[in-house]
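Novice: Here is how the chains run, residue by residue.
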Amino acid sequence: MDVVVKDNVALEKDIVILGIETSCDETSAAVLRNGRELLSHIISSQVKTHQKFGGVVPEVASREHILHLQGVVEEALKEAKIDFKDLAGIAVTYGPGLVGSLLVGVAGAKAMAYGAGIPLLGINHLEGHIYANFLSDPELKFPLLALLVSGGHTHLVYFENHGQYEVLGRTRDDAAGEALDKIARALDLGYPGGPYIEKAALKGDPQAFDFPRAMLEPGSLDFSFSGVKSAVLNTLNTARMKGITLKVEDVAASFQEAIVDVLVRKTILALEKTKAPTLVLAGGVAANTLLRERLTEVAQEQGVYFTYPPPVLCTDNGAMIAVAGYYHYLTQDYAPWDLNAVPGLNLA
Amino acid sequence: MNIRLESSSPEETHALGTKLGKLLQGGDVLCLIGDLGAGKTALAKGIGEALNVQEPMTSPTFTFIIEYQANAQGTPVRLVHMDLYRLNHPEEAEVIGVGENFQEDRICLIEWPEIAEDILPEDVLELRMEGSGEEKRVITFHSQSAHWTERLDGNL
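Sequence lines, in order, name chains A and B. Quick note, the first sequence lines up with residues 2 to 349 if you use the working numbering. Quick note, the second sequence lines up with residues 64 to 219 if you use the working numbering.
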């Protein structure tokens, strides 16, 4: 499916998309003009509620979304000085995520789009993360290789064009972000784990422990983070049994090093295989400084163009959904009115 | 019923899962209890292999519940892999639909099941995995129900 960008249409009338994201922690809405210009972006985070519990609690999540959605959308429209009648379409995340949370967004977006008489655009959350790069980098072009790293997913995806992609590798057990969360919890650092591990790692020695790097069979672009997670836990348990106190910062630094090392090595392999001229990073773990630095070096060595979104666009957010929605709109890839939440949705 | 087995490597734990998986049928509910790193993932993957699951079985921690098409002794079933690690209140287990999976055409594997104790069926098979690091893992099978004794005795 090639995108036919109707320049004359765009010139005649702005294409304004409202993006809504409720798949997990955040209730977020954004208004985007012509795929590039972010007129407003509201994120009502529930992280504080969840920090008390050490994770996302689904019941709490869907209740909070119900409370926040209307207000967040109204605020986004008001800040953008846009009325429902000015919108070309409404984009919403329909999966993957927690079913209760997704349903709030899908039902809300459906009602708003139907009421306004404009298309509903159903967006895969994972695709949205990758599309965040089109917002932060107007120069971005296909084909490209995307490394998507978050709490629930670790994917290497090759994009030939809009809507044309191939998943080259994915995790076979734990996602990178999940491993970071679990080890952060074991080290009593806090939730979400990534930023806390990163902060502790700054004061630690990344060579203090030689944690395993699972490369799997030769040539494989899949990931496995269960082994390194177990290795860290075993190190902690063994030390506890022997009454030895380990330096938390050293454990964090060595663990982060092992995770980033595997992500980078697999990305290099994927670049070599696909000969992709462009590399993008996406997902919550894309905010990790060490990962960004390492991939910047790799891109220089390999002569590929590398870009990643600013931290605000790495978290779950409505702006990335609006961007992906914009391209769905251009290709008239509208969602049916019976669009349902798909909790286990993957990149096909 | 109480059965006690030992495993000295993740590979052995996986192989034990495969043996166990071949004995399973629709309607079975298994609880996997053990700390992070005890070998629950390896055991679950072994069970999945025996049940002819084609996709890689990934961690259900983030999404709580992942379903797979499977085949138990020639009959198509759904293998439902759950992880309640992130839940903090029993009501949440109901909200995410744990109980809806206790059906005749489904085999359920539940990690961190403690929070859902009140809604588990009576004839659940409990597997407790102990040991960490380089230690041997001790895996004990426990159930209130006699049918597990008949099915497991001498077959593992």
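There's no promise every hint is true.
According to the in silico footprint, chain A covers these stretches of chain B (three or more CB under 8 Å from chain A) [stated by the list, open to error]: (1) 95 to 104; (2) 123 to 129; (3) 195 to 202.
Using 20 Å as the maximum straight-line C-alpha spacing, the simulated EDC-like pairs for lysine to aspartate or glutamate come out as follows [claimed, not checked]: (4) A:K248 to A:D223; (5) B:K199 to B:E69; (6) A:K243 to B:E193; (7) A:K274 to A:D339; (8) A:K243 to B:E69; (9) A:K243 to B:E198; (10) A:K274 to A:D262; (11) B:K85 to B:D98; (12) A:K274 to A:E250; (13) A:K248 to A:D189; (14) A:K243 to B:D98; (15) A:K79 to A:D15.
Here are some chain B residues the structure puts well away from chain A; computed CB gaps all over 10 Å [as the list claims (entries may be wrong)]: (16) S71; (17) M120; (18) V158; (19) I159; (20) E177; (21) R214; (22) L219.
No lab work stands behind these hints: they were computed from the structure. Idealized CB from N, CA, C, for every residue including glycine.
Novice: Under a C-beta cut-off of less than 8 Å, do 3 or more residues of the stretch 95 to 104 of chain B approach chain A closely enough to confirm the stated coverage?
Specialist: holds (count 4)
Novice: Between K243 (chain A) and D98 (chain B), is the straight-line Cα distance small enough, at 20 Å or below?
Specialist: Distance of about 18 Å is within 20 Å: holds.
Novice: Does the claim that M120 (chain B) lies off the interface hold, with its Cβ farther than 10 Å from every Cβ of chain A?
Specialist: M120 (chain B) is in fact no farther than 10 Å from some Cβ atom of chain A, at 8 Å.
Novice: Does the claim that S71 (chain B) lies off the interface hold, with its Cβ farther than 10 Å from every Cβ of chain A?
Specialist: Given a closest Cβ separation of 14 Å, the condition holds.
Novice: Tell me if the straight-line CA distance from K274 (chain A) to E250 (chain A) falls inside 20 Å.
Specialist: Violated: K274 (chain A) and E250 (chain A) sit about 36 Å apart, past 20 Å.
Novice: Does R214 (chain B) really sit off the interface, with its C-beta more than 10 Å from all C-beta atoms of chain A?
Specialist: 28 Å, holds
Novice: Verify that the Cβ of E177 (chain B) lies farther than 10 Å from every Cβ atom of chain A, and report whether the claim holds or is violated.
Specialist: 15 Å, holds
Novice: Is the Cβ of I159 (chain B) farther than 10 Å from every Cβ of chain A?
Specialist: Incorrect as stated: the minimum Cβ-Cβ distance to chain A is 5 Å, not above 10 Å.
Novice: For L219 (chain B), is the shortest CB-to-CB distance to chain A above 10 Å, so the non-interface label stands?
Specialist: 23 Å, holds
Novice: Measure nothing beyond the straight line between the CA atoms of K274 (chain A) and D262 (chain A); if it is 20 Å or shorter, mark the hint as holding.
Specialist: Holds - the C-alpha atoms of D262 (chain A) and K274 (chain A) are around 18 Å apart, at most 20 Å.
Novice: Would you mind confirming whether the straight-line C-alpha gap from K199 (chain B) to E69 (chain B) stays at or under 20 Å?
Specialist: With Cα atoms ~7 Å apart, K199 (chain B) and E69 (chain B) stay inside 20 Å; holds.
Novice: Given the hinted pair K79 (chain A) and D15 (chain A), is their alpha-carbon gap at most 20 Å?
Specialist: 17 Å, holds
Hint compliance for this structure: hints 4, 7, 8, 11, 12, 17, 18 and 19 are broken, all remaining hints hold.
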